[in-house]
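> Each chain is listed here by its residues.
Protein chains: 2
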Amino acid sequence: MEEKVVKIGIVGFGTVGAGVVKLINEQADAIAARTGLRLKVACVVDTDTKRERAVKLEKGILTDDIEKLLKDNSIKIAVELVGGTTFAKDIQLNMLKAGKDVVTANKALLAVHGSELYRTARQYGRCIAFEASCAGGVPIISGLRTGLIANQITAIYGILNGTSNYILSNMSSKGSAFAEALADAQKKGYAEADPKLDISGLDSAHKLAILSSLALGSQISLDDIYVEGIENVSQDDIRNGAEMGYVLKLLAICQRAGDGSVSLRVHPAFINNDNGLARVNGPFNAISIFASAAGEVMYYGRGAGMMPTASAVVSDIIDVAIGNSANTFNRMELKPQGSTNIKINKIDNLVSRFYIRIMCKDQAGVMAQWSKVLAENKISISGAIQHEGSGPKNTVPVVIATHSTPEKSINAALTGLARLDSTCGKPVCIRIVDIPEDKE
Amino acid sequence: MEEKVVKIGIVGFGTVGAGVVKLINEQADAIAARTGLRLKVACVVDTDTKRERAVKLEKGILTDDIEKLLKDNSIKIAVELVGGTTFAKDIQLNMLKAGKDVVTANKALLAVHGSELYRTARQYGRCIAFEASCAGGVPIISGLRTGLIANQITAIYGILNGTSNYILSNMSSKGSAFAEALADAQKKGYAEADPKLDISGLDSAHKLAILSSLALGSQISLDDIYVEGIENVSQDDIRNGAEMGYVLKLLAICQRAGDGSVSLRVHPAFINNDNGLARVNGPFNAISIFASAAGEVMYYGRGAGMMPTASAVVSDIIDVAIGNSANTFNRMELKPQGSTNIKINKIDNLVSRFYIRIMCKDQAGVMAQWSKVLAENKISISGAIQHEGSGPKNTVPVVIATHSTPEKSINAALTGLARLDSTCGKPVCIRIVDIPEDKE
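From first to last, the protein sequence lines stand for chains Z and B.
Numbering of the first sequence is given in our numbering, commencing with residue -5 and proceeding in unit increments.
Numbering of the second sequence is given in our numbering, commencing with residue -5 and proceeding in unit increments.
Bear in mind the hints are in silico, worked out from the structure with no lab data behind them.
Idealized CB from N, CA, C, for every residue including glycine.
Some clues are possibly wrong.
Here are the simulated DSS-like pairs of lysine-lysine, each with C-alpha atoms no more than 27 Å apart in a straight line [to be verified]: (1) Z:LYS182 / B:LYS433; (2) B:LYS181 / Z:LYS433; (3) B:LYS329 / Z:LYS1; (4) Z:LYS433 / B:LYS1; (5) B:LYS34 / Z:LYS329; (6) B:LYS34 / Z:LYS433; (7) Z:LYS402 / Z:LYS433; (8) B:LYS329 / Z:LYS34; (9) Z:LYS83 / Z:LYS355; (10) Z:LYS433 / B:LYS168; (11) B:LYS182 / B:LYS44; (12) B:LYS355 / Z:LYS190; (13) Z:LYS16 / B:LYS181; (14) B:LYS355 / B:LYS387; (15) B:LYS329 / Z:LYS(-2); (16) Z:LYS329 / B:LYS1.
Taking beta-carbon pairs under 10 Å as the criterion, some of the chain B residues facing chain Z (in silico) [as the list claims (entries may be wrong)]: (17) GLY13; (18) ARG273; (19) MET300; (20) ALA306; (21) ILE311; (22) LYS329; (23) ILE379.
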């Protein structure tokens, strides 16, 4: 097959942008040998054209003028790696309007403005490829879109944010406090100076919006997803959970009920320590997909970082150049939610198991008090721990695991528990998620 | 988008064939809503048209005359689910010559006659899709071909045969003897009445030939793969390995060395019990891929069975109907091995760690004897166990784990050990595989 030159324009020459250039430099020959496509970075746009990067560009490639990229009709594939939901949106819209297919790692933008961008792409006969938007180098997008397309997806359980997972793993394995583990993550480059997007759960929610849209074939909005971050997680709770056989993870969950309604949520979750996801440590990501025919399929790998993300971006570039991305994009249109029979189950309607910790005064009658509150709310206790003399200043932590309970009942009970004379401070409550294991 | 009817012909109406029909029946509406493709099973060919199957077909669909399928020009996609390497080959060739794209789960056929089939497909302008050939419902083929295409694949470690893994898992968890675990697997439907293909490692080798061909971009022949099965695995060795922190798995391995040479092998392997693959139990499959940019990516799921395999077949049908399979097939031609710079490293050149068990007479001077043989062959011992009085009839099992050692030195040492007066029976030797873990 004759070699076909594929000219690429990139906007955003940060870590991932440099990774994409580096990967193309390194693998161009191998990719040409495998696919007949000769990838060439023809234009890189960044406001900062001076800073030293991990890779060198030939003279004339780097520019701060995006028009140079947009007006070059020999560039058919444009990569947006600016990030964020403001400039990036205009950049992608302009790329599409200039007749270019778009490759992007921008989960936030797709989660927030996906509908508009996809619509514009269709209008201009272009496509948007976004393998790099979720789970870095792990090909989860193509897994959902092609490999598992013949299945009804009944559930997704994902560890989608490496920063949070790194922090929680360190709190589990090293006994660190949250602040300490966060500082360590920042030092190692796994957390940004402003870690809010990651630790608030919002980044996971962006990714869940994209994955669940694909799984459900329907545009899922960020508003449909309940989000709770890991900012308030304490070492005490991680230790107590471990004693009960649980590991704490920031989980992104999409669960389809029998009636077709869907629960979408991101929150800290205790999961059984023999589940596959419990063993995903450090900055890694993993996603368990429950598919009606294939059963459980799990993906594991690096969810972020320069080269893993570049791996996904370049695979998308090739997919676009071959013509497969356009086929998939055109065939697998995500329906507006109103046009499908998907009903979102709000968090108030959740039924879950829960971990509760109350700091109680170390005095007579306390157990009778808190157990009465739970009984009044029809909450059944599956396990409880009260270690002698383990709390500060005449208090003792009481740790309870519940059987399946409606979220509303738990909230009522938490209010009741907080009001007790014997309770010090606000009770802590963390959901326990029993991930079904696909067994023989 | 207007609905497009996709007529499908299937040859082979066994378990997987029935699964494909069932899945299409169940998901036709959902697939049509997602992709605009209305899948219709138009013709099913089987020599047995009488037997009751798990699904019913409309009248006139089931036939024992393959010509009916071949001559129907409205059928553009033909699925070969006959299995084996004889009839199935002619069937696929005839399908291609009749102008049909082929979807297949037949790993043995592709491993043995892949080159000829691919060549014929190209000659007739058709494609062959084979996601179902490896790891059942786990989309590993598309992962290697598209998701990880921008990477140099440096290694693959796979648990690719569910039957063997079920047997080894049971031997580990229940302390069963091999024969007992095999009988249980047969009773549960995880092993065939004649289990040879699975337990000999040959089925894993077929799959490794396919996966490594994709990973290396070069046609790998079955002859390039060293194959050793699990038939001789004993409970003693599993228990001894466990004591040393190892789990026994039947591993399919593709390792690329720094000089571009490749080691391809299927054999029982002790792996560290904290490695992700060690936790893959029962009939499940898992594949760890080490990719130059993405790092370690692991896939896990059901590697066989009616519906998981059907999931992969139907996803391929859709991929073919959309046009993506043809794009991929045409672009990613596997080069004949001679035309690439891949050198196969034969097993004799392997350097590995090893587990050795010798049954020794329980008498003075024995350790001096066996340790001398190892020393003479420059084999360094990393660990050893000799439990008092644990062997039958005045013998004691001596268990040794070695540091990295050339296969040739081990073979020489095994010959030397067998010759010792103090050795009873043939020494047992199992490779220890240190799967690198991609850490922070």
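> If a hint holds in the structure, say so; if it doesn't, say that too.
Hint by hint, here is what the structure shows:
In summary, the hint linking Z:LYS182 to B:LYS433 is supported, as the alpha carbons are separated by about 13 Å, within the 27 Å threshold. At roughly 17 Å between alpha-carbon atoms, B:LYS181 and Z:LYS433 fall within 27 Å of each other, so this suggested pair holds. Proposed proximity of B:LYS329 and Z:LYS1 is supported: the alpha carbons are some 25 Å apart, at most 27 Å. In summary, the hint linking Z:LYS433 to B:LYS1 is not supported, as the alpha carbons are separated by about 35 Å, beyond the 27 Å threshold.
Of the supplied pair hints, the one linking B:LYS34 and Z:LYS329 holds, its CA atoms being roughly 23 Å apart against a limit of 27 Å. A distance of roughly 32 Å separates the Cα atoms of B:LYS34 and Z:LYS433; the hinted pair therefore is violated under the 27 Å criterion. For the hint pairing Z:LYS402 with Z:LYS433, the CA-to-CA distance comes to about 32 Å; that exceeds 27 Å, so the pair is violated. A distance of roughly 23 Å separates the Cα atoms of B:LYS329 and Z:LYS34; the hinted pair therefore holds under the 27 Å criterion.
Annotation: proposed proximity of Z:LYS83 to Z:LYS355 is violated, straight-line Cα distance about 54 Å (limit 27 Å). For the proposed pair Z:LYS433 and B:LYS168, the alpha carbon gap of about 16 Å is at most 27 Å, so the pair holds. With a C-alpha separation of about 25 Å, the suggested pair B:LYS182 and B:LYS44 falls inside the 27 Å cut-off, and the hint holds. Restraint check for B:LYS355 and Z:LYS190: the C-alpha separation of about 67 Å exceeds 27 Å, so the hint is violated.
Distance hint between Z:LYS16 and B:LYS181 is unfulfilled; the C-alpha atoms sit about 54 Å from each other, more than 27 Å. A C-alpha spacing of about 9 Å is found between B:LYS355 and B:LYS387, which places the hinted pair at or below 27 Å, so the restraint holds. For a cut-off of 27 Å, the pair hint linking B:LYS329 to Z:LYS(-2) stands: about 18 Å separates their Cα positions. Under the criterion of a C-alpha separation no larger than 27 Å, the hint pairing Z:LYS329 with B:LYS1 is consistent with the structure, at around 25 Å.
Hint on B:GLY13 holds. Least Cβ distance to chain Z is approximately 8 Å, under the 10 Å limit. With its C-beta approaching chain Z no nearer than about 7 Å, B:ARG273 sits inside the 10 Å limit, and its interface hint holds. Checking B:MET300 against chain Z: minimum C-beta separation of about 9 Å stays under 10 Å; hint holds. Checking B:ALA306 against chain Z by beta carbon gives a least distance of about 8 Å; that is within 10 Å, so the hint holds.
Annotation: interface hint on B:ILE311 holds; nearest CB of chain Z at approximately 8 Å, less than 10 Å. Annotation: interface hint on B:LYS329 holds; nearest CB of chain Z at approximately 8 Å, less than 10 Å. Among the interface hints, the one on B:ILE379 is violated; its C-beta lies about 27 Å from the nearest C-beta in chain Z, farther than the 10 Å criterion.
Violated hints for the displayed structure, listed by number in ascending order: 4, 6, 7, 9, 12, 13, 23.
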